[in-house]
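Could you build the full structure based on these sequences and the hints that come with them?
Numbered according to the numbering used here, the first sequence spans residues 1 to 575.
Hints are computed from structural coordinates only; laboratory data are not their basis. C-beta atoms are modelled at their ideal positions from N, C-alpha and C, and glycine is treated no differently. The reader is advised that the hints may include incorrect statements.
Now the in silico label distances, taken between C-beta atoms and shown as ranges [stated by the list, open to error]:
| id | residue 1 | residue 2 | range |
| --- | --- | --- | --- |
| 1 | Ala537 | Glu478 | 17 to 23 angstroms |
| 2 | Pro282 | Asp164 | 47 to 53 angstroms |
| 3 | Met292 | Tyr148 | 50 to 56 angstroms |
Taking lysine to aspartate or glutamate pairs in the EDC-like style, the calculated list, with each CA pair at most 16 angstroms apart, reads [said to hold, decoys possible]:
| id | residue 1 | residue 2 |
| --- | --- | --- |
| 4 | Lys307 | Asp386 |
| 5 | Lys220 | Asp198 |
| 6 | Lys219 | Asp198 |
| 7 | Lys208 | Asp454 |
| 8 | Lys62 | Asp130 |
| 9 | Lys123 | Asp167 |
| 10 | Lys123 | Glu182 |
| 11 | Lys307 | Asp236 |
| 12 | Lys400 | Asp561 |
| 13 | Lys420 | Glu490 |
| 14 | Lys219 | Asp308 |
| 15 | Lys415 | Asp553 |
| 16 | Lys220 | Asp308 |
| 17 | Lys219 | Asp236 |
| 18 | Lys123 | Glu76 |
| 19 | Lys219 | Asp205 |
| 20 | Lys420 | Glu550 |
| 21 | Lys195 | Asp226 |
| 22 | Lys208 | Asp336 |
| 23 | Lys558 | Asp386 |
| 24 | Lys220 | Asp230 |
| 25 | Lys195 | Glu118 |
| 26 | Lys123 | Asp236 |
| 27 | Lys220 | Asp205 |
| 28 | Lys123 | Glu185 |
| 29 | Lys420 | Asp404 |
| 30 | Lys420 | Asp488 |
| 31 | Lys195 | Asp230 |
| 32 | Lys123 | Asp154 |
| 33 | Lys220 | Asp201 |
| 34 | Lys558 | Glu392 |
| 35 | Lys415 | Glu550 |
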Amino acid sequence: MARILITSALPYINGIKHLGNLVGSQLPADLYARYARARGHEVMFICATDEHGTPAEIAAAKAGQPVAEYCAAMHEVQGELARGFGLSFDHFGRSSSARNHALTQHLAARLGAAGLIEEVSEKQVYSHTDGRFLPDRYIEGTCPNCGYERARGDQCEECTKQLDPTDLINPRSAISGATDLEVRETRHLYLRQSKLRDTLDQWIDSQKGWPVLTTSIAKKWLHDGDGLQDRGITRDLDWGVPVQFEGAPWGGMDGKVFYVWFDAPIEYIAATAEWADALGKPDSEWRRWWRMDEGAEDVRYVQFMGKDNVPFHTLSFPATLIGANFDGAEPWKMVDYIKSFNYLNYDGGQFSTSLGRGVFMDQALALLPSDYWRWWLLSHAPENSDSEFTWENFQASVNKDLADVLGNLVSRVTKFCRSKFGEMVPEGGSYGAREQQLIDDLTRGLTSYQNVMDGMMVRRSAQDLRALWVLGNEYLQEAAPWSAFKTDPEQAAAQIRLALNLIRFYAVISQPFIPDASARIMAALRCDDWSWPEDMAQALGVLPAGHVFEVPDVLFAKITDEQRIEWEAQFSGKN
RNA sequence: GGGCCUGUAGCUCAAUUGGUUAGAGCAGAGCGCUCAUAACGCUUUGGUUGGGGGUUCGAGUCCCUCCGGGCCUACCA
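Below, the structure written as structure tokens:
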């Protein structure tokens, strides 16, 4: 038994996330958390909403709400959707929490004490109409290079030239279209992460077996050009963690907040504190997960995220934690493994919130139970390259894997038993060579499944699980209890007794992928023994002869062609 | 422009890191079964591994080059 700390990248607050966001971090993290718990490990699974930054303020303004109200409401919405998808967070926190305010300020002060904070004066574009400073990407204008009229302040998407906002001709606010822009001088704090470059480089090198995607992105940032650059960690915004606070080692920072990417990862820690608070536990309970000197030395920490999040998790967040321990007084737990994902595309293009293109979490749950989505998304997770959602593929995979291979197996076994023996595990007969072969095959298959699950090989795990389901159909075909019943009912009884236990076994091992269906199987079997199979023969004897069960409803109804066609049209984004 | 990833059967993906005849699932074809959600099982068709060149006893894997797809490039998060 180990202690495993799992965090999923924080979903941003400004709207409902689409399936691509889900499969890139929260869903695989949940798969791993559920599996780790099922294997008997002590798990702390943390997620939260990422609530600061310009987009949150703009989304709130659009919704006509104060930003705090907007975030509180969206947090509830996202939390409800997370529950709908069966995401088993130990705590779903908020980066705007008091805990995160305090911890972010504390860590910033520590970085200041370490000499890793620098005050920098820079010029930023201020919009009078919007009443705010505008990030480069929120300024639009004509590209001086190619004449494209909707170039953004950081880069022209037409000719890909890198730009400064001041390069733009006829600059305007992308939020309001206002042209009363002004360049103002403003002071900000920079994290001097360049000073930690070699430390970070060695730390990355010392990690074993990280995905190429993770290390290559980190290495790029460490060594590209002049190497790792210092980074501004404050912004001129209202909504966020105040930079000026009591005991701050700097002055004159009133009215500024920390940059969202500084406080967001810190929320992993703060959310664990929120967890303790919610349960009335003392601080020591969360600190034993995060402080090496307070019990976290045996914790294994795994992070899940999309590739766009990798630089912050491999560089700036570690720099924050390393810097905060400059004098050895605060050894924070650092990540042990970063599982990163590529993007999921939608039917030949990208998911698009603005165009209404693709399937979003709320829409998905309105169409089908979460297990359908969990299964398809996980079995097609974009681990090695971007992958693609198509309705045709979704229909085919789900119908075949869930309805035919697994659902129908449950159905044929329970219904056969009911018609021949009643809704009770039949007694009599004994297991022979074919049953032993099944046990051997299952043992081998389970070992492989466990290995790939341990290694967080998501697609491969789905394949292995499915292969285990198939073994059940193969066994039934060969054993043919419907034939045996005619000549030797006792043998048929033994075969069905095994098959009913097999179904329970499948419910247990499939639970990380399809928790609701697993729970329905277990309820129908009137069994609450979820113990992970350690010995296959024993696991297939959990339901004794005489145990009463009931035939469940169809586990997975098939997706019809009519439904598929309708959904294709509904989500094409052309309306 | 620079960097990284990627291209394998009609489709979605593997290939133990250079090692025998490139494998699975789906789709297609044939056979079997009749317990089951017209489900299941068995057999089977299908490949110049994007093109070309090179290194090697041996290349899907390494190198060069060309073509295609994608991502990142530090103030969206």
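Next item on the list: Would you mind confirming whether the straight-line C-alpha gap from Lys123 to Asp167 stays at or under 16 angstroms?
Entry: Measuring from Cα to Cα gives roughly 13 angstroms; hence the hint holds.
Notebook entry, point to check: Under the criterion that the straight-line Cα-Cα distance not exceed 16 angstroms, is the pair Lys123, Asp154 satisfied?
Noted result: holds (14 angstroms)
Note to self: Between the alpha carbons of Lys195 and Asp226, is the straight-line distance 16 angstroms or under?
What the structure shows: holds (12 angstroms)
Check: Do the alpha carbons of Lys420 and Asp404 lie within 16 angstroms of each other, as the hint requires?
Finding: violated (23 angstroms)
Next item on the list: Given the hint that Lys420 pairs with Glu550, test it: the Cα-Cα distance must not exceed 16 angstroms.
Entry: holds (14 angstroms)
Next item on the list: Assess, step by step, whether the Cα of Lys219 is no farther than 16 angstroms from the Cα of Asp236, and give holds or violated.
Entry: Violated - the C-alpha atoms of Asp236 and Lys219 are around 31 angstroms apart, more than 16 angstroms.
Next item on the list: For the pair we were handed, Lys123 and Glu76, check the Cα-Cα distance against 16 angstroms.
Entry: Not satisfied, since the Cα-Cα distance of roughly 38 angstroms exceeds 16 angstroms.
Check: Within 50 to 56 angstroms or not, the Cβ separation of Met292 and Tyr148?
Finding: holds (51 angstroms)
Next item on the list: Below or equal to 16 angstroms on CA atoms is what counts here, so check Lys220 against Asp230.
Entry: holds (15 angstroms)
Notebook entry, point to check: Do the alpha carbons of Lys123 and Glu185 lie within 16 angstroms of each other, as the hint requires?
Noted result: holds (4 angstroms)
Next item on the list: Below or equal to 16 angstroms on CA atoms is what counts here, so check Lys219 against Asp198.
Entry: Distance of about 11 angstroms is within 16 angstroms: holds.
Check: Is the hinted pair Lys420 and Glu490 satisfied, with a Cα-Cα distance of at most 16 angstroms?
Finding: At roughly 11 angstroms apart (the allowed maximum being 16 angstroms), Glu490 and Lys420 satisfy the hint.
The structure shown violates the earlier hints numbered 11, 17, 18, 23 and 29.
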